[in-house]
Structures are given as structure tokens and as C-alpha cells.
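Novice: Residue numbers (UniProt numbering), protein chains in the order written: chain U, 1 to 597; chain A, 1 to 597.
Calculated from the structure, these hints are not laboratory results.
Keep in mind that a hint or two might mislead.
Same chains, same label: a pair holds when it works inside one copy or across any pair of copies.
Result set (EDC-like, lysine to aspartate or glutamate): computed pairs, CA atoms no more than 20 Å apart in a straight line [stated by the list, open to error]:
1) K379 with E157
2) K152 with E238
3) K224 with D337
4) K375 with D239
5) K330 with D319
6) K333 with D172
7) K280 with E97
8) K318 with E593
9) K330 with E593
10) K11 with E551
11) K11 with E238
12) K51 with D172
2 protein chains.
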Amino acid sequence: MQYTAPLRDMKFVMHELLESERHYSSIPDFQDTDRELMDSLFEAGASFAQKVISPLNQSGDAEGCTFNDGQVTTPSGFKDAYQQYCELGFPALSAEEDFGGQNLPISVSTVINEMMGTANWSFSMYPGLSHGAIQTIEHHGTDAQKATYLEKMVTGEWSGTMCLTEAQAGSDLGIITTKAVPNDDGTYQITGQKIFISAGEHDLTDNIIHIVLARLPDAPKGTKGISLFIVPKVLVNEDGTLGARNQLSCGAIEHKMGIKASATCVMNFDGATGYLIGAKNRGLACMFTFMNVARLGTALQGVAAAEYAFQGALAYAKDRQAMRALSGAKAPKQPADPIIVHPAVRGMLLTAKAFAEGGRALVYYLAQFADTVAKGDDKARREADTMLSLLTPIAKAFLTETGYEAANHGVQVFGGHGYISEWGMEQNVRDTRIACLYEGTTEIQALDLLGRKVIGSQGKMLTPFTRMIAEFCEAHADNDEMGQFIRPLARLNAEWSNVTSRIAMQTTETPDAIGGAAVDYLYFSGYVTLAYLWAKMALIAQTALAEGTSETGFYDAKIKTAQFYFAKLLPRARTHVQRIDSGVEPYMSMRVEQFAF
Amino acid sequence: MQYTAPLRDMKFVMHELLESERHYSSIPDFQDTDRELMDSLFEAGASFAQKVISPLNQSGDAEGCTFNDGQVTTPSGFKDAYQQYCELGFPALSAEEDFGGQNLPISVSTVINEMMGTANWSFSMYPGLSHGAIQTIEHHGTDAQKATYLEKMVTGEWSGTMCLTEAQAGSDLGIITTKAVPNDDGTYQITGQKIFISAGEHDLTDNIIHIVLARLPDAPKGTKGISLFIVPKVLVNEDGTLGARNQLSCGAIEHKMGIKASATCVMNFDGATGYLIGAKNRGLACMFTFMNVARLGTALQGVAAAEYAFQGALAYAKDRQAMRALSGAKAPKQPADPIIVHPAVRGMLLTAKAFAEGGRALVYYLAQFADTVAKGDDKARREADTMLSLLTPIAKAFLTETGYEAANHGVQVFGGHGYISEWGMEQNVRDTRIACLYEGTTEIQALDLLGRKVIGSQGKMLTPFTRMIAEFCEAHADNDEMGQFIRPLARLNAEWSNVTSRIAMQTTETPDAIGGAAVDYLYFSGYVTLAYLWAKMALIAQTALAEGTSETGFYDAKIKTAQFYFAKLLPRARTHVQRIDSGVEPYMSMRVEQFAF
Numbered sequence: 001m002q003y004t005a006p007l008r009d010m011k012f013v014m015h016e017l018l019e020s021e022r023h024y025s026s027i028p029d030f031q032d033t034d035r036e037l038m039d040s041l042f043e044a045g046a047s048f049a050q051k052v053i054s055p056l057n058q059s060g061d062a063e064g065c066t067f068n069d070g071q072v073t074t075p076s077g078f079k080d081a082y083q084q085y086c087e088l089g090f091p092a093l094s095a096e097e098d099f100g101g102q103n104l105p106i107s108v109s110t111v112i113n114e115m116m117g118t119a120n121w122s123f124s125m126y127p128g129l130s131h132g133a134i135q136t137i138e139h140h141g142t143d144a145q146k147a148t149y150l151e152k153m154v155t156g157e158w159s160g161t162m163c164l165t166e167a168q169a170g171s172d173l174g175i176i177t178t179k180a181v182p183n184d185d186g187t188y189q190i191t192g193q194k195i196f197i198s199a200g201e202h203d204l205t206d207n208i209i210h211i212v213l214a215r216l217p218d219a220p221k222g223t224k225g226i227s228l229f230i231v232p233k234v235l236v237n238e239d240g241t242l243g244a245r246n247q248l249s250c251g252a253i254e255h256k257m258g259i260k261a262s263a264t265c266v267m268n269f270d271g272a273t274g275y276l277i278g279a280k281n282r283g284l285a286c287m288f289t290f291m292n293v294a295r296l297g298t299a300l301q302g303v304a305a306a307e308y309a310f311q312g313a314l315a316y317a318k319d320r321q322a323m324r325a326l327s328g329a330k331a332p333k334q335p336a337d338p339i340i341v342h343p344a345v346r347g348m349l350l351t352a353k354a355f356a357e358g359g360r361a362l363v364y365y366l367a368q369f370a371d372t373v374a375k376g377d378d379k380a381r382r383e384a385d386t387m388l389s390l391l392t393p394i395a396k397a398f399l400t401e402t403g404y405e406a407a408n409h410g411v412q413v414f415g416g417h418g419y420i421s422e423w424g425m426e427q428n429v430r431d432t433r434i435a436c437l438y439e440g441t442t443e444i445q446a447l448d449l450l451g452r453k454v455i456g457s458q459g460k461m462l463t464p465f466t467r468m469i470a471e472f473c474e475a476h477a478d479n480d481e482m483g484q485f486i487r488p489l490a491r492l493n494a495e496w497s498n499v500t501s502r503i504a505m506q507t508t509e510t511p512d513a514i515g516g517a518a519v520d521y522l523y524f525s526g527y528v529t530l531a532y533l534w535a536k537m538a539l540i541a542q543t544a545l546a547e548g549t550s551e552t553g554f555y556d557a558k559i560k561t562a563q564f565y566f567a568k569l570l571p572r573a574r575t576h577v578q579r580i581d582s583g584v585e586p587y588m589s590m591r592v593e594q595f596a597f
Numbered sequence: 001m002q003y004t005a006p007l008r009d010m011k012f013v014m015h016e017l018l019e020s021e022r023h024y025s026s027i028p029d030f031q032d033t034d035r036e037l038m039d040s041l042f043e044a045g046a047s048f049a050q051k052v053i054s055p056l057n058q059s060g061d062a063e064g065c066t067f068n069d070g071q072v073t074t075p076s077g078f079k080d081a082y083q084q085y086c087e088l089g090f091p092a093l094s095a096e097e098d099f100g101g102q103n104l105p106i107s108v109s110t111v112i113n114e115m116m117g118t119a120n121w122s123f124s125m126y127p128g129l130s131h132g133a134i135q136t137i138e139h140h141g142t143d144a145q146k147a148t149y150l151e152k153m154v155t156g157e158w159s160g161t162m163c164l165t166e167a168q169a170g171s172d173l174g175i176i177t178t179k180a181v182p183n184d185d186g187t188y189q190i191t192g193q194k195i196f197i198s199a200g201e202h203d204l205t206d207n208i209i210h211i212v213l214a215r216l217p218d219a220p221k222g223t224k225g226i227s228l229f230i231v232p233k234v235l236v237n238e239d240g241t242l243g244a245r246n247q248l249s250c251g252a253i254e255h256k257m258g259i260k261a262s263a264t265c266v267m268n269f270d271g272a273t274g275y276l277i278g279a280k281n282r283g284l285a286c287m288f289t290f291m292n293v294a295r296l297g298t299a300l301q302g303v304a305a306a307e308y309a310f311q312g313a314l315a316y317a318k319d320r321q322a323m324r325a326l327s328g329a330k331a332p333k334q335p336a337d338p339i340i341v342h343p344a345v346r347g348m349l350l351t352a353k354a355f356a357e358g359g360r361a362l363v364y365y366l367a368q369f370a371d372t373v374a375k376g377d378d379k380a381r382r383e384a385d386t387m388l389s390l391l392t393p394i395a396k397a398f399l400t401e402t403g404y405e406a407a408n409h410g411v412q413v414f415g416g417h418g419y420i421s422e423w424g425m426e427q428n429v430r431d432t433r434i435a436c437l438y439e440g441t442t443e444i445q446a447l448d449l450l451g452r453k454v455i456g457s458q459g460k461m462l463t464p465f466t467r468m469i470a471e472f473c474e475a476h477a478d479n480d481e482m483g484q485f486i487r488p489l490a491r492l493n494a495e496w497s498n499v500t501s502r503i504a505m506q507t508t509e510t511p512d513a514i515g516g517a518a519v520d521y522l523y524f525s526g527y528v529t530l531a532y533l534w535a536k537m538a539l540i541a542q543t544a545l546a547e548g549t550s551e552t553g554f555y556d557a558k559i560k561t562a563q564f565y566f567a568k569l570l571p572r573a574r575t576h577v578q579r580i581d582s583g584v585e586p587y588m589s590m591r592v593e594q595f596a597f
């Protein structure tokens, strides 16, 4: 499938819904980011995504990465494309100017990342994985470490990884066993095996800078005994040139369901030289500083999946003919009507559209908070951090799950043809399935949202957002045309507070109640959050139409998509409340030995 | 993953829920099918499935089929396994004794088919696809055609296919273009291309008997101009020996998401010799005679997916350790608790269990109706046919969709490891995805259920089933322990009739209303149907416990699974009602050109 960046919708969200120019003008670092600059960047990103990497998406899946004696070869065309990507400056958009970056807001690079990721998610993971390593060094590195590594990483000359997971430790990083033993010269010997390391080894760059979680010999057990180390593939001399190969190697790449063009590596550290970054035993805390942004990047994969499915299925539904509309032939001269006449096909297209556009709005919205967290003043930063922390697990889990649903609709619209590689729809399902797993599974996000954040703050982290929704509902209570959105939104927003209180009550009786309610709570929160954004988008569209816009089709479609969302998707929120209210007992009553006979 | 047949549960459904022995005693042909015979067959089927074909499931996926110059090679081990399968008599269980079959009830072979399919769905498709061809010839063939083909197909020496789909015609068979031109000798020249032909070409048998849908030169347009032809790969001489190769060939095999060990073929008929079967232009009507049984076979794939996911995920959830139970450490000597302590993990396991066991009950229940349709007396046959026709689209679509959901839970329980080929969980997702597409997509099943059957009969096909549920609810209204199941079931059963009436009302205003409501109506029907079966199973378990069974763990688990189903899955039914009640307008209001800008 050939991807086309939905520029009109991206601009709608950035300029009309989120008023980005006004947002940037409130942050001194971003004053120069005006609409003209944004639009020209978006055009450049769209052009590259469409022309260079979209054509490599299906071929990359078919060819995959190959592993041979420790070396990983990426699919044909990836190396050239990566070089062009770097030459065009895309890796450096949001990095600090001091290290060769362009210091653009995260919310601007998010738009570019969506385009790259939708065109070719596997490709986008190579530069994407560097961001975590760059941010770790930016925030926690010494000046010497920054000087040694950052510039080459920012320009894309070197790439980076995050080496967290071990075979026995994924969601629970407290039980990792990789060791870091101090050398006399202040460096450390890193020994252990890491798995699922995306871009752990590849042929796109001359060096790969690994950020490795490991334990010092005297470290306390659990999550409070984890430290972070910089472990380069090739050691860097004092003058910045490349030195000896470090004692680490890629042992294998995984055979997996999708993202086959992205190398998922087993990394063996055999007494590799590592450099402590940040304070001893504070490694996990350091990671939290950018986890929200990393999770937002994964949320984008859900948006990408929905957009990709929508584009593919829409083209097919207009073209493919089968049966007649129940209301009478729509293309009487053809042997059958195009399948877009059938309500079930429209339902699948509109579901993908509502999740893609609603998800886009949510991710860009959160990226604005990330801008403020990064560069805003103290007060703004605190407020933005609260909102970002609350909404990030929702965005990550809800958008990847609904993106996966949309990807499956993409296959379904194609019927049996959707199951065949040719159209890219089944690849989209396979590629997207990982998004609900990595960067913290849906279940982990749900515990983070309900346990750590909402209940953990005794509701204080939730209140600013539900208050904002309530104020929006009050402000437009008299708008007749908005009533169809405002009434259900206000009701569900009130329910959000109520269901939270009921869970808190359950929890006083049984601590497992949080675990029983968390996933449903997350879905509920996701549906309400998207309802709020769809209501806001409908309001903007209504206003534009009232003011006599010439783009009546576009704005009218926004209102109709909002109506679809409220009529057909939002009702699911109620089921989640019912499931929460039936408590944790139905999960816990069966004894382990009773599950199977 | 090594599959283990859930024999205890299969026997529970066959002997306790469905009282198969009593059922068979009411049908003269099946009087000999007693419990001892059934159990010995089940043991034999389990042994073969577990020892011979389960070990070939993951290797078959990795190796796939290969195509070379018109020849298809199945994965290593398949040919041997197929020969053993035939020697053990498995292809012939339900076929007529006259042609070498064992004349066993469809409901018995259904149990065996579940085992084979769960162990290795791709393998089971080779003999599975023959069934449609065998039944076509049994029901519509001349005596000469039966004599020529049936015995070798029943024993598995030859296989069969159904050649329906063409590139431009899948759901809508009315627009197929393959031609059949009469020869002077009463045979026909078949010319055209068929796609998605499972087992169209392979190396397991010496001959392949294709049943091909084609049009005669003077045929009316649409579905009323389709005839059926027997088109053997190798022509058969009058003495039954193999003659010349027919003018047909496999042009390619598809690269697809899953069932990679099953050859999905493009079949080119280049003036191939074909033999008319059944009346001219009545081909589609002939197909309907066994479509219910074929769709039931696909419904089994959903059950298989849920069972496979459940078995894999349960073993992993007991073994894998991550974090502590929120209610306190359960394995304090281990670094972390097994993940089965976490409610979200239990929720995924129980969802798979509830759909696997509930789906098994539904498919076996329908297979009993199929027994009666095949061999019962006239009155019983008519009643059974009504029930089978109503419930088959529900079973096909609802069980494949929920089986796919369960397959995804199987991946999710494994976290990132679920995405890796090693464990078989991602293969289960890929293999299962086709089940919602072939033999009529979910959307086609939904139109069949709501449009053709329920509304088409003005509700008359629905009433016998809802009345049966109502009678069950009344009969056990005074059973206190059953109240938890009877009350919600009675409420939803009444709603079933009500929502049907409301849709009928919508339809008088807009014919598209059926298309708008159909998929939700199908899901609603599925949840209520499974609720009925779960309530019945809970009643049997309650009775067994009251009577002092020694298997307290097993029966108690049935009740707890029923409670889980009612608390956590059945609430979804309400959402579908809400979606139906919001009408078809939200699907139809957007103009085609408004979908994207």
C-alpha cells in the first residue's frame, strides 16, 4: 500500500484544535515555531515518508533482517533511506541545538514521527530507538559523556538502544541480573544477556550506543538496586575517533510475528566496558524522566495502524464490487455495487477513521504537554506533568488496542484478500500487535493509571482533567447543536469520578480490586478522553461551518465522524463500568489447579 | 506448543450436557453409537492429534508449502501423517458405509475434528476440504459419479476441493465468470480462474477432485445461472484407474498471514473436462445443502483457537514470574510471584476458557441437529433444520471472532514473548485470523442471520429457540443457586425478541437498517446463546455437586467459569443493543467523497 500523509487532518489538529502557534508563543524556547515553519516541515516529512520509506514497507517485511555470525543486515533500501533521513535532518528535530539538534518542540517532531511510522514502522524504529538513549545522556550524562556521544547520535551518525529486558525479566525489571563490576579506572565490566533489543545490531551506523540496566555488586534487591550504564558497541577514543570493539555481541535476532524489518536482538555483554550514567542504584528513576515521551511514541503506533488500515480499506471499498445496496442498486451499470454502500463496511471504515483522527488529536495534545514539561516555566511544567502522567498510559494502551482493532478491520474490509500479503493489510495487523506489548503491556499501563496515578494520588491527578471536561461541558451547555455530544460526555465524565470512588471503596476491602478493575478503567478512561476530543473537534467544525468556510465537506465530515463515535463506539464505555462493578471475585475465585483438568 | 486434548471437558459436553447416547438412540442409523464406542474413538483421536500432528504444527508454519512449476510440496512430515490419518480411518468417520465410511454421527466426527484442528489447523484442512466435495457428490451425484469418486475420497486416497471464489467474486458468487461449454459427449469444457482454493494442489494424494462453480453459455445472470461440475485433476478411466492429466493447473500459491502449511492455490482451468453434477443452473442451491456443516467446521476453528491459547497461556502463567500479588506475596521464596496471581492475567485465561468451553458446547449442540437433519425422521428433521439454520451463522461468526480474541489474549499473557514464534501463540493469531473471513465473513453471516433468517421468516425461525430458553428459565426459576444465571438470561432472552421487533420497525423506514444492525445483532445473539449454554452447564455442575460427585474441582470450576462469563463477558451484550438502537444513520450519513481529504 502506498501511504499518503493526511496533511489536512494533521494541520486541523495542530492549528485549529490545539492552536500550536499560540502554545509555542508561551514557551520562550519555541517562539520561532510558527505556522509557516511547521507546514514546511510537514510537507518535507510527508514527501520523504511517501516517496522514500513507504515503498520499502512491504518489501522490508517480505525480506526481513538477516543474521550472520553476529552481523545484522537490514532489508534492501534501508541503508540508503536512513542516510537520506539523516541528511534531511529528521533525527535531530527535537534535540538541543548545542549538540547539532534543531531544538524544535516535541509536538512538531511527533507529527513527523507519525508520518514516518505510518509509512514504515519498522524503518522508523531505528532512529526512534535512539531517542531514549539521547534523552538519557542529555538528562543524566556528565559534560564529558555528552561531548563524547550526543552530537553523533543527534545527527544519526550513531544510533542508540535501551537495554532493559532480560529473558526472565520484562514487566518486572526489579529482577534483572545483569552485573556491573567496577574496574580500577572508574569504568565497569558489564556481564549479562539482554533480549528484545530493538536495533541492538544493524548495518545502518558505524557505532551503536547501548544504555544498559545492570546491578552493582553491593546493590539492594529489586528496583532500587538498578544502575544505568553507557556501553558503546565500539569504544570511543578521547579524540572522538572510533577505537576497539567492546566486549559485546548480538547472539541472534528473533523470529517474530511482525516488524520483521526491525532487528530484535539478543545482546550478550561479556565483560563489556561500561560507563555509569546518573547516580548509582537510581537507574529506574532516571528512566522515568522520559518514559512518558517513549510511551507516547508507542501510542503513535496505534494511530499509525488505524490510519494505514483506513487508507487501504477506503481505497478498496470504493473499488471492490459485491452485491447490491439493500436500499437499491447504487451502480446499476456495474455487475454489483462498490462495497462502500454496505453499512457494515462503512462501520469498519468509520471505526478506523474515528480512532485514527481521535488518536491523532490525543497524541498531539499530549505532545504539547511534553513540550511544556521540557521547556516551560515551573508552574506550567508541574501542571503539564500531571496531565501528561495521567493521560500517557491511557494514550499508550487505549490507542494501541484500538489501533489493533482498526488494523483488523482493515483486513476484514478486504475479505479473503486481506489475508494475503499483497495488500499490506495483514502486515499491518502483524506489525501493530507488538504495540500492545512493548513499552509496558496494556495491563501494566492500566495498573500505572489506576494504581500508581489515580488511586495513588487519591484522585488528585485525575481531578484537573475531569474538571477541564466539566468546564467544557458547562461552557457549551446552551449550544443546541452541541447537545448531542455534551450530554453524554457530561454524564460519562461524572461517572468517571464516581467509578473511581467505587473502586477506591472496593480496594479498602481487597487490595486485588485495583488489579481487577484496572484494564476496564483504562478503556473507560480512553473512551471518555476521546469523546472529549471529538466533542471539541465537532465544536470547531461547527464554528467553521457557521462562519462560512469553503471546506464544507471536510468540516461536515468531522461532525459526522464525531456523531459516529458517540453513537457506535462510546457505548462501549458502559460495559467497562459494569465489569468494574462486578468486582474482582470472578477473577480470583478459581484455584490455580482448577483451571484445567 | 504441545496440544493436549481436553477429554474430560469433551466428555462432559457429549455425555452430560448433550446426553449423546440418548440422542443417538432416537435415530435408527446411529443406535450403535454408545458411550464406549465414543470414548474409544475420542482416545484414539486424542492420541493421533497429540503425538502425530501437534508436533508438526509449528514446524509446518515455519517451513510452509512450496510451489515449483505447478507442483505444491507440503511441509516435512505432512505426507506421512496424512497416510497414518487415512490408515486409522479418520477421513471416513461420518461417510456412508456403502462407500467405505463408518456412518458415524456428524457430532462424533466433530469431536475428532476439534482435536485435529486444535493440534494443527493447517493439516486438518487437507482432509477437511474433502468433506464438501464428498457431500456434494453424495447428495447430488449420479450413481455412476458416486461409484467413480466416492470410495477413494472417503478413504482419503483422493482428496477434494470446492472451487467457488474468483478474483472479482468472493462474497458475491453471482458475478463469477468461469465458463462451462458443452462438448458433444455430454461432458463440458471448463475455462476460468479460481483463487483461494485450499488444498487445490498438494503432494498428499494421487488425485484431487475439484467441484467447480461455472456458468453455462445460456445461463441467466446472477446466482440463478451457476452450475456445479466435477473436475478431476487426473481423469478417471471407466475401470477406475487413473487416466490422462486434465487441462487444469495450479498457477501459484498465496503468501498469506497464516495457515502457511495449508496450500492456498490459484487454479487455472484451461478447457478442462468437467462433469455436470446436479441440475443445470441450480449449483448454488445444491451448495446450500451442506453449507451449515461446512460453516460449523469453521466455527470449530474459533473453539480451537481459544483452547490452544488457553493451554499455552495457562502453562506460562503458572510458570512465569513477575511482581507480587497486590494482596501480598504468594510465592515469597521466589523472586516474584507467578503471573497467574494477577487479576488481569486470570481475566485473559478465563475469557479464553469461557469461550473455548462455551464454544465447544455450542458446536457440539449444533452437530446434534446436523445428525438429525442427516438421518432423523421428517418431523425431527424439519425442527432440527430450523435450529441449525438459525444458530449456524451465530456459531460461525461469533465463535471465530471470540476465538480470535482469545488467541490474542494468548499472546498477551506471554507479554513480549508472545510475539516470538517460539511459543506458538502468535501463530495461533495468524492462523485464526482467516476464520473470520472464509466460509462467509462475519458480516455475511450477520446478514444471513438477521436478513435471510430472522427478518426473512418474520421471526418464525427465532421463536423456537427463544421459547426453549424461556422454558429453561421458567423451569429453574425456583432454584436459588441458579438465580444468578436465570435472571440475567431471562432478561436478555426477552430483549432478544424486543430488539428484533425494533429492527423490523427500523427496516420499514429504511431497508439499510438490516445492514446497520446485523453485526451487532449477531454478537448479541451469540452472547445470549452462550449464556444459555453456560447456565445449563452450571445447572449440571450444581446437580453433580449436590449428588456428591468426587470430581468437586471440575464441577466447581464449571460454576465459576459460568459466573465469570455472566459477570465479565455477558455485559457486552448491552452495548450491542445500544448500537442497534442508534440506527443506521451514523453509518450512512457520510458521502463517499467525504471519507478522506
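Novice: Could you run down the list of hints and mark each one as holding or not?
Specialist: Results for each hint:
1. Taking CA atoms no more than 20 Å apart as the test, K379 paired with E157 passes in neither setting, with 37 Å inside one copy and 79 Å between copies.
2. Taking the shortest Cα distances, K152 and E238 sit within 20 Å of each other inside one copy (15 Å), while across copies they are farther apart (79 Å).
3. Taking CA atoms no more than 20 Å apart as the test, K224 paired with D337 passes between copies only; the shortest distance there is 18 Å, against 63 Å inside one copy.
4. With identical chains, the CA atoms of K375 and D239 are never at most 20 Å apart, being 32 Å at best within one copy and 88 Å at best between copies.
5. In the homo-oligomer, the alpha carbons of K330 and D319 lie at most 20 Å apart inside one protomer (13 Å), although the nearest pairing across protomers, at 57 Å, exceeds that limit.
6. With identical chains, the CA atoms of K333 and D172 are at most 20 Å apart between copies only, with a shortest distance of 16 Å across copies and 62 Å within one.
7. Neither within a single protomer nor between protomers do K280 and E97 lie at most 20 Å apart by alpha-carbon distance, with minima of 29 Å and 78 Å respectively.
8. For the homomeric pair K318 and E593, the shortest alpha-carbon distance between copies (10 Å) is at most 20 Å, but the shortest distance inside one copy (53 Å) is not.
9. For the identical chains of this complex, K330 and E593 are inter-copy neighbours only, at 15 Å across copies versus 58 Å inside a copy, given an alpha-carbon limit of 20 Å.
10. In this assembly of identical chains, the alpha carbons of K11 and E551 lie at most 20 Å apart only when taken from the same copy (14 Å versus 64 Å across copies).
11. For the homomeric pair K11 and E238, neither the shortest alpha-carbon distance inside one copy (46 Å) nor that between copies (73 Å) is at most 20 Å.
12. When the C-alpha separation of K51 and D172 is checked against a cutoff of 20 Å, the pair qualifies neither within a copy, at 41 Å, nor between copies, at 36 Å.
Taken one by one, the earlier hints fail for this structure at numbers 1, 4, 7, 11, 12, listed in ascending order.
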